[in-house]
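Asks: Based on the provided sequences and hints, a complete structural model is requested.
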Amino acid sequence: MKDDASIRDLEKDFGGSKAVNKLSQRVKLKNGLVQAEVQIKEVHIKDDVCICNLEKDFDGFKAVNNLSLRVKHGEIYGLLGPNGAGKTTAIRILCGLLRPSSGEAYVLGAKVPDPGVASNVGYMPQELALYRNLTVHENLAFYGEVFGLSKRQIQTREQALLKLVDLETSKNLLIDELSGGMQHRISLACTLLHQPQVLFLDEPTVGVDPDLRASFWRYFEELRDAGITMLITTHYMDEARHCDRIGFMRGGSLIAEGSPRELLELTHTDSLEDAFLVYSQTEGLQ
Amino acid sequence: MKASRAFAVTKRVLRDLKNDRRQLALIFIAPLLVISLFGVAFTGNVKDVRVVVVNSDTAVGNSSLSDKIISNFDTSVLNVAYANTEADAVGQVQNSSASAVIVFPSHFTQSVAARASGQTSIPQENTTVQILADKSNPNVSDPIIGAVNSAVAQTIQGLGRQAPVSVDSSNAIYGANAQFIDFFAPGIICIAVWQLTTLLTLISFVGERTSGTLFRLLASPLKESELVAGYAVAFGVIGITQSAVLLSVAVILFNVTIVGDVLLTFGVIALLAIVSEGLGILLSSFARREAQAIQFLPVIVLPAFLLSGVFWPIQAIPTWLRPVSYILPTTYAVEAVRSVILRGWGLDKIYPDVVALLIFAGVFLVLATILLRRRE
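Protein chains in written order, with the working numbering: chain U, 4 to 289; chain X, 167 to 542.
Treat the hints as calculated values from the structure; they're not laboratory data. All values reported here derive from a predicted model rather than from experimental measurement. Hints may contain errors.
Below, computed lysine-lysine pairings styled on DSSO-like, alpha-carbon distance capped at 27 Å [what the hints assert, rightly or not]: (1) X:K168 <-> U:K114; (2) X:K184 <-> X:K389; (3) X:K389 <-> X:K168; (4) U:K49 <-> U:K114; (5) U:K174 <-> X:K177; (6) X:K234 <-> X:K213; (7) X:K213 <-> U:K154; (8) X:K168 <-> X:K184; (9) X:K301 <-> X:K213; (10) U:K114 <-> X:K389; (11) U:K75 <-> U:K114; (12) X:K177 <-> U:K154; (13) X:K177 <-> X:K389; (14) X:K184 <-> U:K154; (15) X:K301 <-> U:K166; (16) X:K301 <-> X:K234; (17) U:K75 <-> U:K49; (18) X:K184 <-> U:K174; (19) U:K174 <-> U:K154; (20) U:K166 <-> U:K154; (21) U:K114 <-> U:K65; (22) U:K154 <-> X:K389.
Derived coverage of chain X by chain U (criterion: at least 3 residues anywhere in the stretch with Cβ under 8 Å from a Cβ of chain U; other residues may be distant) [stated by the list, open to error]: (23) 174-182; (24) 377-388.
Restraint ranges, calculated between C-beta atoms of paired labels, are given here [as the list claims (entries may be wrong)]: (25) X:R540 <-> U:P85: 26 to 32 Å; (26) U:S182 <-> X:L513: 51 to 57 Å; (27) X:F477 <-> U:Q162: 56 to 62 Å; (28) U:S182 <-> X:W486: 55 to 61 Å.
Here a beta-carbon is modelled for each residue, glycine too, at the ideal position from N, C-alpha and C.
Replies: This is the structure we're talking about:
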């Protein structure tokens with residue numbers, strides 16, 4: 004499509020430029036992206052997630068500033084950036100928990116906030132979002148009922164999910180009796196219970212040990228292979244290599260976007276953390 | 167609104183309660199303790215109060231009127247001691263070893279007899295039993311004065327004389343055998359439900375916000391109205407259970423008489439619980455942490471405790487303060503529950519209070535829903 008082509012051209016331009024020339028190229032990139040995004044708004048709403056010139060202002064503080072991105076069906080899109088970059092705000096807008104100050108966001112073709120889309124969306128907040136006085140089963144059953152699942156559906160999916168997160172024997176334990184890592188796994192299971200088409204996972208691996216983080220990313224890749232679209236925020240740069248595409252965020256804006264390999268190549272760096280720093284410093288110069 | 171989703175919330179709240187023993191204790195043990203303490207402390211009448219009698223009367227023949235009066239003192243109330251001089255007796259009150267001095271003047275018997283036979287020249291003070299009481303505590307001084315008055319009346323009656331005017335208050339329209347606990351028990355039940363439901367909802371909702379569960383729920387198909395309704399039903403059930411336990415204790419331990427329909431009482435209390443739940447959700451918007459939520463406790467408890475007619479009637483509250491009483495939902499709940507329990511009134515008579523509670527419930531629940539629905 005024409006819009007896709009224009010973005011690829013821009014990225015190619017940037018990729019071909021030297022580090023010292025990045026400043027001017029970045030301006031071009033930004034301008035190019037804005038133009039492309041205006042067209043995306045009209046053309047690419049069929050993408051599972053589409054954000055167009057989104058802004059969110061909290062009493063004069065711009066948490067999200069002219070953010071545009073899209074996530075294709077069956078793609079893992081990683082939104083990376085330091086704390087306060089605007090990742091959580093962007094996800095909360097996509098989940099209908101916040102209203103944008105300007106711009107638009109679409110999930111599965113519906114402009115959010117739209118209650119109609121909620122049953123096809125899974126949201127895992129930064130917090131565990133579990134009832135600590137309830138058992139694992141009671142938590143899953145409650146969220147299942149909220150999503151309108153039948154008892155039989157809850158039972159079947161609960162079994163499968165507990166197997167997936169390797170907690171089949173913990174079904175009747177209170178959340179308070181589980182370790183932090185186990186609680187994270189149950190939180191993920193609650194998010195997946197109603198088999199959503201799109202997943203918004205806000206820092207799903209914060210406070211999770213490296214082994215568990217690796218297994219989380221294995222789940223995410225399995226889900227992606229099953230056709231589920233995911234937007235994942237993280238500030239662990241190294242784990243973002245599992246994403247199909249990455250958006251670097253800083254100060255509420257997207258400062259770069261591409262596949263992990265593309266971003267590494269463009270910045271001539273070995274790690275995504277270094278790549279982020281390159282973009283971050285360039286942005287600072289601008 | 168989908169009932170099944172609201173019901174899922176109700177089940178969740180009740181399960182949460184079932185699994186949390188501390189919360190269970192707070193809901194049931196704390197009010198039980200309160201009603202028991204109040205019951206024990208307030209049901210007892212004033213007993214064994216030490217009074218000092220200064221009897222300067224002289225007998226006529228071999229008996230004196232003062233002795234007859236003293237013999238008619240209710241000894242369960244008055245513990246009588248004697249002193250020779252008024253100064254000595256007053257000294258005992260001043261050093262807190264007695265609560266009142268009862269003085270019979272000299273020639274009391276003769277003076278009373280002379281007056282009774284029509285001699286008007288006898289000075290009034292010669293026929294007066296003087297009580298010098300420590301009135302700093304009316305709860306003690308009033309029963310002393312009552313006991314002396316009663317003994318005087320009983321003595322005169324024993325002499326075959328009738329007072330020209332008599333008052334008969336033995337027949338009651340309501341509450342024939344009511345004691346003070348009958349009056350305040352309905353109030354305590356309402357205050358317990360009000361306080362605990364508001365506080366628990368407030369803490370639960372602050373918890374929903376801080377734990378992220380509220381975000382997860384608001385991102386799900388669950389509507390805000392379903393969440394509020396689910397909580398309302400849960401706390402209505404908890405309120406009914408609480409009041410059933412409290413009423414049972416009041417009846418079994420303190421012989422509180424229930425004249426009216428218990429189910430109507432439960433209905434009113436469930437309504438109060440729903441009002442409290444709405445208020446709890448509203449207040450939760452102003453607290454970011456559970457510690458901040460606790461700071462609302464005095465605001466929730468004190469006005470309701472002092473101005474809702476729990477211990478003294480609204481009529482005893484200064485006129486300028488009464489509007490505050492009338493904006494407290496507990497005022498209507500206490501009045502309605504008390505009317506059902508003590509007076510045996512039905513819905514046909516308590517409906518103004520029920521309507522007031524329904525209005526409070528409607529306003530609070532709608533505001534709570536709007537506040538949850540409002541997106542920044």
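Asks: Work down the list of hints and note, for each, if the structure agrees.
Replies: Structure-based check of each hint:
1. X:K168 <-> U:K114: holds (24 Å)
2. X:K184 <-> X:K389: holds (25 Å)
3. X:K389 <-> X:K168: At roughly 8 Å apart (the allowed maximum being 27 Å), K168 of chain X and K389 of chain X satisfy the hint.
4. U:K49 <-> U:K114: At roughly 12 Å apart (the allowed maximum being 27 Å), K114 of chain U and K49 of chain U satisfy the hint.
5. U:K174 <-> X:K177: holds (18 Å)
6. X:K234 <-> X:K213: holds (21 Å)
7. X:K213 <-> U:K154: violated (64 Å)
8. X:K168 <-> X:K184: holds (25 Å)
9. X:K301 <-> X:K213: Holds: K301 of chain X and K213 of chain X sit about 16 Å apart, inside 27 Å.
10. U:K114 <-> X:K389: holds (18 Å)
11. U:K75 <-> U:K114: Status holds; Cα separation ~16 Å.
12. X:K177 <-> U:K154: holds (14 Å)
13. X:K177 <-> X:K389: holds (16 Å)
14. X:K184 <-> U:K154: holds (21 Å)
15. X:K301 <-> U:K166: violated (77 Å)
16. X:K301 <-> X:K234: holds (26 Å)
17. U:K75 <-> U:K49: holds (8 Å)
18. X:K184 <-> U:K174: holds (17 Å)
19. U:K174 <-> U:K154: holds (16 Å)
20. U:K166 <-> U:K154: holds (18 Å)
21. U:K114 <-> U:K65: Distance ~21 Å between K114 of chain U and K65 of chain U Cα, so the pair holds.
22. U:K154 <-> X:K389: Answer holds: K154 of chain U to K389 of chain X is near 21 Å, not above 27 Å.
23. 174-182: Since three or more residues must qualify, the claim that chain U covers the segment 174-182 of chain X holds, with 6 doing so at under 8 Å.
24. 377-388: holds (count 11)
25. X:R540 <-> U:P85: 26 to 32 Å: Holds - the Cβ-Cβ distance for R540 of chain X and P85 of chain U, about 30 Å, lies within 26 to 32 Å.
26. U:S182 <-> X:L513: 51 to 57 Å: holds (54 Å)
27. X:F477 <-> U:Q162: 56 to 62 Å: Roughly 57 Å apart at Cβ, these two residues keep to the hinted range, so it holds.
28. U:S182 <-> X:W486: 55 to 61 Å: holds (59 Å)
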